[in-house]
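Keeping their order, the protein sequence lines are chains A and B. With our numbering applied, the first sequence closes on residue 743, and no number is skipped along the way. With our numbering applied, the second sequence closes on residue 849, and no number is skipped along the way.
For the record, the hints were derived by calculation from the structure and aren't laboratory data. Glycine residues also receive a C-beta, built at the ideal position from the N, C-alpha and C atoms. Hints are all accurate, no fakes.
The calculated label-pair distances, taken between Cβ atoms and stated as ranges, are:
id : chain 1 : residue 1 : chain 2 : residue 2 : range
1  : A       : Glu628    : B       : Cys838    : 50 to 58 Å
2  : A       : Lys726    : B       : Leu798    : 16 to 24 Å
3  : B       : Leu798    : A       : Ser329    : 43 to 51 Å
4  : A       : Met639    : B       : Asp784    : 45 to 53 Å
5  : B       : Asp784    : A       : Asn460    : 29 to 37 Å
6  : B       : Asp784    : A       : Thr619    : 34 to 42 Å
7  : B       : Cys838    : A       : Pro605    : 37 to 45 Å
8  : B       : Cys838    : A       : Ala454    : 47 to 55 Å
9  : A       : Thr553    : B       : Gln831    : 29 to 37 Å
10 : B       : Gln831    : A       : Gly503    : 52 to 60 Å
11 : B       : Asp784    : A       : Ser348    : 45 to 53 Å
12 : B       : Gln831    : A       : Ala457    : 44 to 52 Å
Computed cross-link-like contacts, BS3-like style, restricted to lysine-lysine with a CA-CA straight-line distance of at most 30 Å:
id : chain 1 : residue 1 : chain 2 : residue 2
13 : B       : Lys849    : A       : Lys473
14 : A       : Lys473    : B       : Lys805
15 : B       : Lys805    : A       : Lys424
16 : A       : Lys356    : A       : Lys424
17 : B       : Lys764    : A       : Lys611
18 : A       : Lys564    : A       : Lys611
So the chains spell out like this:
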Amino acid sequence: MSLKPRRVDFESVWERLLETIKGVITCGQVARSTWNDRFSDVYKLCTALPEPLGDRLYLETKAFLELHVKSTHFKIMENEQDLLAAYHRHWEEYCRGAGYLNQLYGYLNTTFIKKLKFTDADLNYGGFAVEMTDHMLEIGELALDIWRKHMIEPLRHNLMTLLLHEIAGDRTGQSVNQAVVHGVINSLVDVENYKKKMAMQLYEEMFETPFLKETGDFYRSEASRLKSDCTCSEYMEKVIQRLDMENLRSCKFLHPSSYDKVMQECQQRMVADHLQFLHGECHEMVQQEKRKDLTHMYQLLKPIQGGLGVLIQDIEEHIKHTGLEAVRSLKTDSVPANFVESVLEVHSHFSDLIQKVFGNDQQFVGALDKACAAVINYKLNPKLPCKSPELLAKYCDILLKKSSKGISESEMDDRLTRCITVFKYLDDKDIFQRFYSRMLAKRLIYAQSASMDAEEAMINRLKQACGYEFTNKLHRMFTDMSVSNDHNTSFQNYLQSKRVDLGITFSILVLQAGAWPIGGTTVPSFSLPQELEHTVRTFDGFYGDKFSGRKLTWMHSFCYGELKFNHLKKPYFVTMSSYHMAILLAFNQSEILTVQDMVTATGMPEKELVKQVQALSETKIIMPEEGEVTPDTKVSLNMSYSNKRTKFKISVAMPTRDTPQEVESTHAAVDEDRKMFLQAAIVRIMKARKVLKHNLLIQEVITQSMSRFHPSVSMIKKCIETLIDKQYLERTANSPDEYSYIA
Amino acid sequence: MADEMDVDRDGDKETTSKPEKMFTLKKWNLVAMWSWDVECDTCAICRVQVMDACLRCQSENKQDDCVVVWGDCNHSFHNCCMSLWVKQNNRCPLCQQEWVVQRIGK
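Build the full structure now, drawing on both the sequences and the hints.
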């Protein structure tokens, strides 16, 4: 066969072609050779001389298809009792046939029609009317378009009513021919699928919109029916069931683009429309922690815009309430352990709830955090600073001290980790740090730590939670301990090499000034007992050899030693502070001393000495004369003193733990620190911004200090005043609430 | 108050029969605080206390190496602050005498 264009008689070729087309469109038998011949017939017509006959072919084909579809329409209408099935059958056939036909007209499609088609750009930006009625379509598309015009349009109403009827039947449990319904619905999509724009328009207008309305109506009445005969928890259960079923139904019948819309419609009718009713029930469910109901409630409310708010708030309130109840029920100055453990219990109870019921939804975790922070930072007395940082620090102290026997290392580890949970909620982390470092200092100096590893692990945890700067000093304290250990060893070696015998067991801690929370307070003057002077001088020499430029200050209030009592029936070994040692050693000169004598011997101020004498006399080791202690009061040794134990300690004069003054001074020191911190922050900010409004400055300072403490606005204002006085800042001339930085 | 303390070692080494004093010292735990032996607590160059590391060392995490230096004029600064200073001006920033290192702390 030649491809050369030639003269063609249209009528005869079309007759041949028409025969085959009829077979193709009804999916009848068409022999391969016939197919090939017809394919070239199309070619011949399109390339015919003198005039190509493509246009005519197109029009004739169109006329044929219209006729065919119209007659099919009649056939379908005859099948009135089973219109859907008939439609479906014919559609399937026609759709396939149209596909083949499109291939048969391949040449026409590519040469004739493409030229007339718009490009995508034309469609999108060209500003043409989208569907130009007369424009030529590919044959396959033409076939679909004809089906739409001459089949779907006339049947439109019938089809829609029948489809909705079928689906309604499915809802009430009647059996439905799924393939047919699904096929018919999808024919609405497929018939317009070739369009570049608004391909879903027919489906949406003809079926989806009425379907959604119908669905909405159905579930509206369903919801009010359920609501009237069920309790809320039954209602939720039923609704979830209905939603699941409807979702399944969508998958069975509808086009995927509708799934979400159907869900939304159902949720709107059954959940969102009854939001008030559901919200009203939240409170009680939360109060009674009905986990199953809450799970359902969460599931239902989650997809609704603004649906969860009330539930979240109820949860937060409930946690806060439970927590405060727990905290308030403790005695005012309660045992730290009770406080920490009851807070933790509340926390873990509700984290579990939030994990299991709300799948750790961030909004609920946030509510838990907010509630816990409110509980932990709750002030029993609004005028006093919050006790929680102190209690938490004490709890850590109890855990880390040797006395907490009976708990395994792993349990201790566990508990300390949980302390961090509480710690993270503290507003006043700096207060905690003060207390913690004080207690750490005492544990280290008096060698009371249960385990150095645990101590270090705890410091590292704090570092992780709050950063390097926060634990810097704690780390330095820790380093001092190991450095001092080395000092002791090398000092012993030094003594041996010099053949010096101190006559006592001696150990020393050399601490770095500034790193330890001690020493700031003025130490009462004190002269060492002669027995010790030699030791101190030897060590001083040793230390001076080893380092240069350093001076040592003796922290007598933290020193302690052991004395052997020889004056009683049996020897006693007693551990006591340096002050007590000095007082007792003075009795080596005489069994009776006046207070004045002791002042001379110890070099202590009288007031301080009297305090120590009173403390000692409480142990009955010495006996002052009756009456008020004055410089002339005579003090004698109790020669008939006895104690069940031969080894004991007098710890009265050791700084007792956390006297009210200490607590107060801690708070005062924290206040000082805060002022410095705030001033530094203000200067940093102003240096960067040069000029800033008052409110913005306050805002930024608060943001910067949040991780350590929550500053009050009045404190920030005071700091700004101070800085203006110090001429770091000035008020700008033109605006009353603006500051500028003075370089 | 029965705080536990380290009392495990028995100090009973004295076996001599010399007339005993009423109280003899067995054991002593001394606590001392060390600080640089300086006249002024603050380094005049970086305005940080000499007991703390200078800002440069703090940010580079070299606190342990940040020592103090004394000049012949007896003024003291962080050693690292001063070594930067003398590159520009070999005089003590406080008294303008020529800077001669007297000693370096360690």
